Amino acid sequence: MEYLITDTRAGVSRRDFSLKATDLGFDFPVDFECRHQILHGGKQEGAEVITLRVGGMTLTVSPTRGMGVLYAQYADLRLGWDSPVKEVVNPAYMELGKQGGIGWLEGFNELVARCGYQWTGHPGEDQGEMLTLHGQIQNIPASVVRLSVESAPPYRVRLSGRVDERCFKRCEFEVWMHLDILPGEASFRISDELINRGSSAREYQIIYHNNFGVPLLEQGAEVCVPVKQLSPFNERAKEGLNTWSTMPAPTAGFDEEVFNIRPLGDSEGDTLALLRNAAADKGVAMRYNLNQLPVLTLWKNTDTPEQGYVVGLEPGTSFAYNRRYQRDLGLVPSIGAGESRLFNLQFDFLQDHAAVAAAEAEVAALQAAQSSEVLAEPLVAC
Amino acid sequence: MEYLITDTRAGVSRRDFSLKATDLGFDFPVDFECRHQILHGGKQEGAEVITLRVGGMTLTVSPTRGMGVLYAQYADLRLGWDSPVKEVVNPAYMELGKQGGIGWLEGFNELVARCGYQWTGHPGEDQGEMLTLHGQIQNIPASVVRLSVESAPPYRVRLSGRVDERCFKRCEFEVWMHLDILPGEASFRISDELINRGSSAREYQIIYHNNFGVPLLEQGAEVCVPVKQLSPFNERAKEGLNTWSTMPAPTAGFDEEVFNIRPLGDSEGDTLALLRNAAADKGVAMRYNLNQLPVLTLWKNTDTPEQGYVVGLEPGTSFAYNRRYQRDLGLVPSIGAGESRLFNLQFDFLQDHAAVAAAEAEVAALQAAQSSEVLAEPLVAC
Amino acid sequence: MEYLITDTRAGVSRRDFSLKATDLGFDFPVDFECRHQILHGGKQEGAEVITLRVGGMTLTVSPTRGMGVLYAQYADLRLGWDSPVKEVVNPAYMELGKQGGIGWLEGFNELVARCGYQWTGHPGEDQGEMLTLHGQIQNIPASVVRLSVESAPPYRVRLSGRVDERCFKRCEFEVWMHLDILPGEASFRISDELINRGSSAREYQIIYHNNFGVPLLEQGAEVCVPVKQLSPFNERAKEGLNTWSTMPAPTAGFDEEVFNIRPLGDSEGDTLALLRNAAADKGVAMRYNLNQLPVLTLWKNTDTPEQGYVVGLEPGTSFAYNRRYQRDLGLVPSIGAGESRLFNLQFDFLQDHAAVAAAEAEVAALQAAQSSEVLAEPLVAC
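First to last, the sequence lines map onto chains R, B and F.
Each step along the first sequence adds one to the number in my numbering, with nothing skipped, and position 374 is 561.
Each step along the second sequence adds one to the number in my numbering, with nothing skipped, and position 350 is 537.
Each step along the third sequence adds one to the number in my numbering, with nothing skipped, and position 108 is 295.
It is worth saying that the hints were derived from the structure and are not from the lab.
Since this is a predicted model, take the numbers as computed values, not measurements.
Nothing false has been slipped in among the hints.
Below 30 Å or equal to it, Euclidean Cα-Cα: the simulated DSBU-like pairs (lysine-lysine) are: (1) R:K273 <-> F:K356; (2) F:K273 <-> F:K207; (3) B:K425 <-> B:K415; (4) R:K273 <-> R:K207; (5) B:K425 <-> R:K356; (6) F:K356 <-> R:K425; (7) F:K273 <-> B:K356; (8) R:K356 <-> B:K273.
Based on the provided sequences and hints, a complete structural model is requested.
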């Protein structure tokens, strides 16, 4: 069954959309609910949020904020974080160019925030144009929102959005963003397709800014990644290079340490990145492919809970430098006319020692192939 | 009969306004319908569109986008174009200052886009202030929207909007924008009145960015303008100077060639500019007055359909250079306190050989008075 | 009795809120009405306005514009002014960075406009970031709006809003803004509380941009302030230094003269600033405390009615210079983690000779303690 919630071309906008298992017209194996809400007040006036509950899995997504995933919960494990930004900010109230291009920070509080697609990374000038922090896509409302629920095994539930990044003379990007849940699985999947509808090749960049706070993040929590090459993002990160994978308690004044990682994958490029708690009995494993997303930014922002206690595991085509620095690194890919690029991410909820240990063993197996190279200096002096 | 659809001072907002011939209370000679819609989804969330149908003529106008005319159709001839920007972008989602001042391009898809009134033209600094591309008026929602329908011949239908460009210390402009249709005529008229409500004289600029794509635009289509002086806008346009008036097929990588034209008019200043298809059996003639709009920008953007196959015939007070370059050209006029300026444009749908030939003959007659001066170099080196 | 009108966290949004004395459920000593409206059309599309009437006092407040007070009226005396900006501009249509950072001017028409809290003052760069004119708070919609009406003497009516200025990595400010009316009093009070919810100390600034036009402002109207030190804001103001306190008739081309004042207060820091008409039989006295708001900007903008005939009495932590100039003046205070700062302002309507004379006598008494120092040169050369 397919349910169209929003479609700008077809003139569809079901602002009070709500669907329960009993509305499906067939037996669905687990509890099910999808609810569309429009928020009011503050900067969230008019912002849309969809809450999708499939069995023990709950996801909240904001179509207004580029199909960003606000948080995910499976059983009693929440993925997400507590940002100082409390509201689901309607991009109508955003001004990305603020204060030299950091306006993006006024809306940033998602579990999954996409940074792209014309550019990503730090603000600054590139080729005579001012690029604002982390691109625009997270602040573009979805033009299409669609829910589909399969009526036969595996009963896949898919929430899809199309977010257009279009600017005359600059880009004609359409991005289909699919979020899949299979009843009974402790996972959800993101399958994004970037399509260049123009007739010129265009540069593009994408970083999946995936952010995790409590309860996974705590003193002694560990990030496990199979590392081919590790380097500090900047001078500040050099201090923390030796303890990059271990998470401290919330630390006033810590601000952030950022690390550039070139991960290892298997022969197909498949890899994973892991965050687990101190007791190693809860964690999240993020699975993706290095052919799609060759580099990983580790964003260690273990500041106070009030200012943001959060760690980011951010696979991308690119690091977090301004685009002008990344061409020389080979991290500004191009997409030809009519071409598309797929990006697949799976988030596994690890709910006990065994699941954590198994994921760590996978990382170890990938790492066994090659030892890590650690660079003492940043790739880019900026 | 007069119908008030929106009036901010009077507190009127008839968001579901709809009017049919049978609602008029008198016999109207042709089919008639006016429908007000509010769009949803994507960046068009909340954008208003009015569709006005009078006999065979259909116009769509967006009050939210400064009364811009999205497209016009008479019988089977459509005026307008297919921009990579697909939605009617609510200015709430615009940020004109983006990427060095080109945010305007994220909303640009109209048949008639007004560029003004504090400034127009390319982005850049003038007198210590950053001016964004093509001014602000197209991204200011109308404060008043009014429909009037005459109950006696000629049964003129007028859709009026008032768009205010007001900024403390900078300008107190009110612009009345009237769109007129006479039943049975293959034409529509724009009558704009810019009023300076302040008590200081102010500089102003306006370009009518009128844009035409298929079906008129095609390989072999011709632009006919009585030319007093022609010059390339910049280096890029020098290459195309000899073929300025002939339209190529969609051409990947063509991007754009822009030409500055000082047109010829009759003794009253009346003139016309024409675009006709290759077979010379369909076209549009734009009639206006050189005392109001002394210069014409020809914007030849015959790129691919995906990226924008479009030609602009753009009468204005000014060329498309940044304002700082146009004072020396005498193209930054001033409007005194309490004064108003009128701008009248008529768009004629030319539907057969005879109509096209007659309009071409008019151009030829104006041209007969004086031969064209062609400058090899741009007026401005920028 | 407490009435929640908006609360983003609780999901409350009573968009059609209306309350009359007869709805209160108890005897209220004077006429009472509170009405919430959503405006439509132009740039005020979606803007909220609350009109609060308590006996002879009427206040209008826009939650959408940071709880700014549009105007106040007691009996037949209006406080407020007539800006060229006519609409209650929804911040969705604002772009503060426009034209080098003066976008704020496109929405400015309030009686009380708060300028803060990360910064205030003129646009320009400070510590590598572009600061726009007068900060952001006036263009942030309130996240909580609440009305409370006491059921026993003194029957205080309080309209409260919480406006959050939050930006990841930059600030975690919450500001509670309370507006109090006591039935029968010719006064209203503002009690604001700035709370730093972050865990780092932050710089902050606030100017209460209180603006008065006709009928108080007229030729011969006087500003009375107990002055410790007076200086011209800039070169322009030097010309008017000798006549700083006397208001001229509307004067074409006057633009503005701005004066920096360090006022005198009593032993508790309490002080007042007064504007009275030429006949000295009508006026407003603004009472506040110098420990909270140590400096006062006098903004003499006695230009034409069309462009803005208005005078500002603006107590603040800071003058109107860009923040980068004010650290050396000791006017960029800091607020520690978890701390709060209170700002109290009382506006008294002076309705006859006696009331004006009494307030003038208070000013004179404060001035008696010390003579004014007048500096011929601006504090800052900029």
